[in-house]
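J.: This is what each chain is made of:
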Amino acid sequence: MIKTAGLTKIYQTSSVAVHALRGVSIEVKKGEFVSIMGPSGSGKSTLMNLLGCLDKPSGGTYTLDGTDVSNLSEDELAAIRNRKIGFVFQTFNLLPRLTALRNVELPMLYAGVEPEERYTRAKTALERVGLANRLHHYPNQLSGGQNQRVAIARALVNNPAVILADEPTGNLDTLSGEEIMAVFQELNAEGATIVLVTHEREIAEHTQRVLTLRDGLLQRDEQIKDPLNAKEILQQLRNKAGDRE
Amino acid sequence: MNLWESVRVALDGIMANKLRSFLTTLGIIIGIAAVITVVAIGQGGRAVIMGEFEKIGTNIYMVWVDWRADDPPTGREIQKEDAAIIKRLSPAVSYLAPVNTAIRPVKGSEDQKSARLIGTTADYIHIRNLEIIRGRFLTAQDDNGCRRVAVVDEELARELYGKTDPIGQKLMIRNTPLVVVGLLKSEKSMFSFGTSKPVYIPISTWQYVFHNYYISQLEGKAVSREEVPLAVEQTLKILERRHNTEGRYQSVTLEDEMESANKVTGILTLIISAVAGISLLVGGIGVMNIMLVSVTERVREIGIRMALGARRRDILMQFLVEAVMLCLLGGLVGIVLGVGGAYLVAKLAHWPPLVSWGTVAIAVLFSAVIGIFFGIYPANKAARMNPIEALRRE
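Chains A and B, in that order, give the protein sequences.
Positions 1 to 245 (this note's numbering) are the ones given, in order, by the first sequence.
Positions 1 to 394 (this note's numbering) are the ones given, in order, by the second sequence.
Heads up, some of the hints might be wrong.
Here are a few chain A residues that sit away from chain B, every Cβ distance over 12 angstroms (derived from the structure) [what the hints assert, rightly or not]:
1. 13
2. 77
3. 133
4. 217
5. 225
Simulated DEER-style distance windows between Cβ atoms [unchecked claim]:
6. B:369 x A:39: 31 to 39 angstroms
7. B:4 x A:13: 53 to 61 angstroms
8. B:369 x A:234: 29 to 37 angstroms
9. B:292 x A:96: 32 to 40 angstroms
10. B:377 x A:56: 24 to 32 angstroms
Derived from the structure by calculation, the hints contain no laboratory data.
Keep in mind that this is a model prediction, so the values were computed, not measured.
For glycine and all other residues, C-beta sits at the position ideal for the given N, C-alpha and C.
Sequences and hints are given; from them, build the entire structure.
T.: Below you can see the structure in the form of structure tokens.
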């Protein structure tokens, strides 16, 4: 699904050239749930921007869903972002003036989907993340966890090849974070390919494979033999809360 | 994303800041309202002036001696007989009368008033469409016999004679007594405002009273509006030939007068429209200013939209449509106010409310153009943003 070969990115500032990525070759297969870890400055944000087609690599190739996207034009990249990639951000990045439903409709707006179909698909996506009764709420009327689920619904509404989640639990408490991971695991079980960037080892252990970056290079590629199950953890958390009461 | 979607997104943006949007478009609102009202006032005023001309009759003309010619005038350039001869020779001329005018005090039984003494012939009543209320107008016999008779404006007569019936009464002009033989309906025209009221006497009597035998001008009426140029041409030609001169006479037609009146109202409308246009320009700059603020405020939104697949041209369209919508909404409010203003003025001034729908259409078009012109820079600024940086911005 995702395949990069010797991906490099050099930022040219006025005085020095910063080598953010020095040749990263990774492969993510269809249906995989992969996390990318690394300390700040390791290049994981840069890699994320490149994987998300928000930026172009300085060198190397990037093939997404069978298409070489390393040298596409800006408009072509926009189309790729629209159809092949679903973004989930740390800060949710919903438009505050739009209801949950219309936020989820946004990617389809740029895909040229007809209004009726947009509505049904957005509704289905929101139902899938458990927000069937929050369609017409505005982001400020929803909790952080709910907002992130709206964002996930938005990410998957165009049936993307891959969902890119950048610290999706970073702004959430443990319980909400675990709920979000449960949603991701469920989507993954249904066949979605997910790449998740995090700096929390515990979150990374929910995924099947952890890629660790350091100084712009891939340092480790480890398989998680027995990923944490978010649903079980949620159950334990809830039981604990129940015991306290 | 199609245009309708863009319009919906733009309306969301405008409605999110209602007060700011309103204040932003105020310049456009005032500009458009001013243009529409001013043009309507101009047109209404012109219609009134033209109506007055129509009342007088659009096929009349005047001929007089050109005082600026090299040879000093002899006072004999126009003879009383010329009128009758020209009328007989030119089929385009239906009426032609010599006219002398002087402002003099006239005395009735009750009072003395300043009047416009007009010496002329029987044709004059047809040229000016005068209306006799009682008695009669001047006749050819009055002129031939140099009769001491006068036809008086009814309002003037009331001032001169009070409740006494003026017909048959004595009217003193200088030291000459005349007899009132007819009463004319007062002219209610915007042109007659403030001028002395008229007293008509035979041209021969006028010449006798003032001991002056020159004739200052001829007033004529062509058989139709189309024949006016021919009537003027033939009148001049016959005059030149009879008096063996060249380029001695001048003429004016009501058509000419209407044209110059039109020109004046046109210039006034143009000037005020230019002022309104400046208001529109200032309004447009205001829109650009607010759109720039709006783009800066919504950097993150732009980043999100780009991440979700908006192309640069989608972002450009979004902000451009928003600017155009702002201007169009301002334009619509301006049209409502402008048309309302036009009707109000028309009601107060008793004019026809002539709202020019062409102007309204131009106003709508113009506000859209302002939106595009002043929206393109901010929209382009938004579209050129780097999505990564835009997303990072708080």
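J.: Which constraints among the numbered hints does this structure fail? Numbers only, ascending.
T.: Violated: hints 2, 6, 7, 8, 9.
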